[in-house]
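Using the hints provided, position chain Y relative to the given structure of chain B.
Number of protein chains: 2
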Amino acid sequence: MDTRVKVLFEPYGRKVEARIPSTILEVAQNNGIGVRSECGGKQACGKCRVMVKDQVGLNGVTDKEKIVLSEGEITLGYRLACDARLTSDADKITVMVPVESRLRPRRFTEWGKERRVKPEPTLRKYPVRVAEPSLDDNRSDVERLLDALHKEQDLVGLAVDLQAVRELPNILRSSDLVTVVVRDESEVISVEAGVTSEKLFGLAVDVGTSKITCNLVNLNNGETIRSRSMENPQIVYGEDVISRIAFSQEKAENRLMLQESVIGGVNTLMWQLCRETSLSPENIYEVVLVGNTAMHHLLLGLEPKYLARVPFTPVSKSPVDVKARDLGIEINPCGYVLFLPIIDGFVGADAVADILSGGIYRSGEPVLLLDIGTNTEVILRHEDRIICCSCASGPAFEGVHIEHGMKAVDGAIEKIRIDKETYEVEFETLGDDKPVGLCGSAIIDAVAQLLQSGMINGLGKFNTVAKIPRLRKAGNNKEFVIAWGEEAGIDGDITISERDINEVLLAKAAIYSASAVLMRKMNIGKEDMKKVLIAGAFGSQVDKRNAKTIGLIPDVDDGRIRFLGNAALTGAKMALVSRRMRRLAEGIPAKVEYVELATSPDFKKEFTNALWLPNRSPGLFHTAEKSVKKRD
Amino acid sequence: MDTRVKVLFEPYGRKVEARIPSTILEVAQNNGIGVRSECGGKQACGKCRVMVKDQVGLNGVTDKEKIVLSEGEITLGYRLACDARLTSDADKITVMVPVESRLRPRRFTEWGKERRVKPEPTLRKYPVRVAEPSLDDNRSDVERLLDALHKEQDLVGLAVDLQAVRELPNILRSSDLVTVVVRDESEVISVEAGVTSEKLFGLAVDVGTSKITCNLVNLNNGETIRSRSMENPQIVYGEDVISRIAFSQEKAENRLMLQESVIGGVNTLMWQLCRETSLSPENIYEVVLVGNTAMHHLLLGLEPKYLARVPFTPVSKSPVDVKARDLGIEINPCGYVLFLPIIDGFVGADAVADILSGGIYRSGEPVLLLDIGTNTEVILRHEDRIICCSCASGPAFEGVHIEHGMKAVDGAIEKIRIDKETYEVEFETLGDDKPVGLCGSAIIDAVAQLLQSGMINGLGKFNTVAKIPRLRKAGNNKEFVIAWGEEAGIDGDITISERDINEVLLAKAAIYSASAVLMRKMNIGKEDMKKVLIAGAFGSQVDKRNAKTIGLIPDVDDGRIRFLGNAALTGAKMALVSRRMRRLAEGIPAKVEYVELATSPDFKKEFTNALWLPNRSPGLFHTAEKSVKKRD
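So the protein sequences, as listed, match chains B and Y.
Counting in my numbering, the first sequence runs from 1 upward without gaps.
Counting in my numbering, the second sequence runs from 1001 upward without gaps.
Just chain B, same shape as in the assembly (with noise of 0.2 angstroms):
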């Protein structure tokens, strides 16, 4: 029998092996995973708190689990790593490692390229001295306020939410001065005691498939105050979106659950952000929330259903403005919560704020905009169209189904050289830990290295006579080493191994083929390209040469290369902070035409020449083809 657990950790991504009857605590700690515990694995601190939702293959809940974990706890599937066992039954394990268990904070590489934009925000604070009520007075709170309103501020026409009117009168009576909050000069949104101006807030949002990221912002100078981002927590209901849509399918109730679950994860955050902040969720006046349409649909309660079939019909392409206590979303409930517009079934809204903040929605010379996930979008701008695509590029550059992948966080190796005569290799690790995977920056370093040394050939397969230790055997499979075990922070080496190139050859594949059928469209050639615009959250350690060595993207000059970073995210932070560039984002889609890859004559003979390091097509990657070295 074999003894062998897989066990996947998350949010880290880490897939590690285990042996039965180790605890999860055991296996975090052999393999450099940081989990609390400030007793000792002795069942007594509960700061180990991990959550297995399918529990198949671990030991039932102990009675000391029972004493330190609440009942509510129980169900949800939290255990204590250090009583929880692996069992003979085991085969796969996931285990959640909730933030408060974590020992170290998570570092997501969460910049974007901030295109500064004017502060015009829709909202602003003005304050005002409303006139007590008096026998002699007898209009209303509001008349008086609104009067007020009228005659200090040059505001009229204005309609006050009943929310806050309710609070109204005590307000008025508490202070001499008050703050009113306005929304586009026509909606009065909070009365607050006293002046307040200082304090308007709002949140930039990208809902990934995989991940949000959220951006508190101040509304008065524009700026970003602080970032978070956390695993979107429907993952637990699907890894990718078609799998969410069919389980949105299973049950009435489904649907509102991956809603709530969302606009839950939404919340977490911007907790989190007031507590590091001391900011309170009352002084957050806005959302702006960015996402591909899935994460569109599934966040407003919209069906999903049609989305995952021909013709992958949309249920609205608009923009979505509505309260934010409509959506459950815990800022001030007067307060409004933005979705901005999609583009299509497939291109979503994080599309429209990558064009805006690649600034690619004026007419102009060609520019080519990745973005680079899951799905990967890819936009071409050429004089005055647009045209996109969205392909199924898979999680490899996230570290997924990577062997030894994992996400841009401390302890992911991001660089790596190796040297083409000894093939030894130098890395660099993000933190100061010693390594425990490769995020995908290291990934692609590692197989264009591979390429140019001659290692791996153009099918990315190793070469069979090679007799170096770092290249090896592993059943079916060949692997080359990484790291040794002595260098890393796990129970053995880091390596990258054939089936994970392959995994890296459909991506790469999927994300160029895309931009090949695009750029044949509008006939442009990578010489006419004046930039490549790279975002995604990986982008931000990725080599040019070694992206172009594989192939991944056009091989221009790498001065005409730009990465963005979370570009959604800034779009969606222009978004908030400009009523201009607002309403530029909602006049995107109306320009933008959508490109079906699956109809389109070209795309499988691109994608199958781009199944090829770096492209099966001659003369297309000058960059690769200097540089790699002639096979022995």
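Just so you know, the hints here were simulated from the structure itself, not pulled from any lab data.
Among these hints, one or two may not hold up.
To be verified - In silico contact screen, one side only, chain B against chain Y (beta carbon under 10 angstroms); selected entries:
#1 59
#2 64
#3 303
#4 344
Values in this document were obtained by computation on a predicted structure and should not be read as measured data.
Cβ coordinates follow ideal geometry from the N, Cα and C atoms, glycine included.
Relative to the frame of chain B, chain Y by itself:
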């Protein structure tokens, strides 16, 4: 020790005396109050459930009750009337007979003089045929729907409620034809499979301090389908407006409790109407509410505190138009609830509706409108001026605070004639039962007839020399027997006492003096008065001559007096059915001047004069002066 206990049965407003240790069921049966009991008081059938909020003076809950009643019911104060027994601690007991325990359904007279208006509701249903989605047509469901509304119905620029969007895909794919509910030609609030044009309903609701009345209206033809009313459930938190406002200040959550209880009442009536007519609440799309200012504030959840303090400033006077779901009113969640505007701290949306249904919003000859209730609104129109005031007339005309008073339900005496020679009494009773008490119209009859027969004098005191069996002493009170025990459905005689008559004098003095102040303010004598319109549920059976005889209303020709019934409800219905009427209603507050009685110089004198029968000031009431028999 006195073994007699006062028991008040609600919602009948019947106060009776009972002996310890009677059961509540015995007391009810002895007094003709119908409480169901199928097992004959054997604690078995559970049909005699009653609610006793404060159980001091009752035995504890018995073991048999614990079997029949649920724990929740016991917590709420439910008892079996057949096992709840008066004890020696008893002084006053209030028993609420819930609807399911009533032997005969209450019959409120829910009439209102219907003024026919041309139906032109804000809501319309449009059947349209929406294009099917296809690979060649990548428009979203919403886009195709709006396009069909444009092409087939010439509607453009429509917003679509997010809630209506959520189910849209399944509806479009279930039916060729769909029916779209559009409000104000600007918003889609519902999309329904098939052709549902005939199902277009609304509710008109009058939220009174003591009673909520609700009309279910067919918006296609403007007809009332059915009408229902119930006690305002807020009554458990205080009988009058002031005590409810006081209650709202005791604890933070009380305001919400008051709001939820009245909204729960509206929902109960709505569900009852739907059950009785086999309609679905989904097909009710709009509710128009009226009520006095306190009811307005409490229903909308506005802070009511300052309504009870100088200078009595309301929070807001504007019409409030919100989604039904925002208030928790359980019609179609995308539907709307409109509370008509209020005039002042003391004159609410019910007066606006009175003015609308009384047709006095336009300039014209002098008209006086009285909406008689616990608070009476008095409105005077002359030429293009409308002035109004409000007076605390108390609930005497609703049978409250009158020894044998009751509301106008089955068993109430509604008409009385007293022979001027023999002092014999004839009466008519509502329903076919033996009488159990006196409703408002009978109380007016009794006072007027006693005055005319010389049995009481101008101060409402009984003739001390008359020696007739019907006139007798009762402690330090005097009373006149209207119905002898053997004629009555209760255990004893039905009487009217000096104390009762005094209550009537206070009420009619308040109402008349308010009218007189307004008439003097506009310099209008009774001879100038074109019409006197009397609204209020009590009014339907009032004898005009008797009302003039006691000096309740100005002494104008009978032909100029009109009873409107529930004019506020009629006005609400008019605003529901017709957008023109709604606009008129919304403009009424700006046209109406509020007159503060307390500061009116002549109010005190008018009030003191009006405490006489018919009035101390001579020449005002010829009807009475001619008919009153000279005192022996």
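Going through the hints against the structure:
1. 59: Where the cut-off is 10 angstroms and the nearest Cβ of chain Y is about 39 angstroms from residue 59/B, the hint is violated.
2. 64: violated, 35 angstroms
3. 303: Constraint on residue 303/B satisfied, holds at 4 angstroms.
4. 344: holds, 6 angstroms
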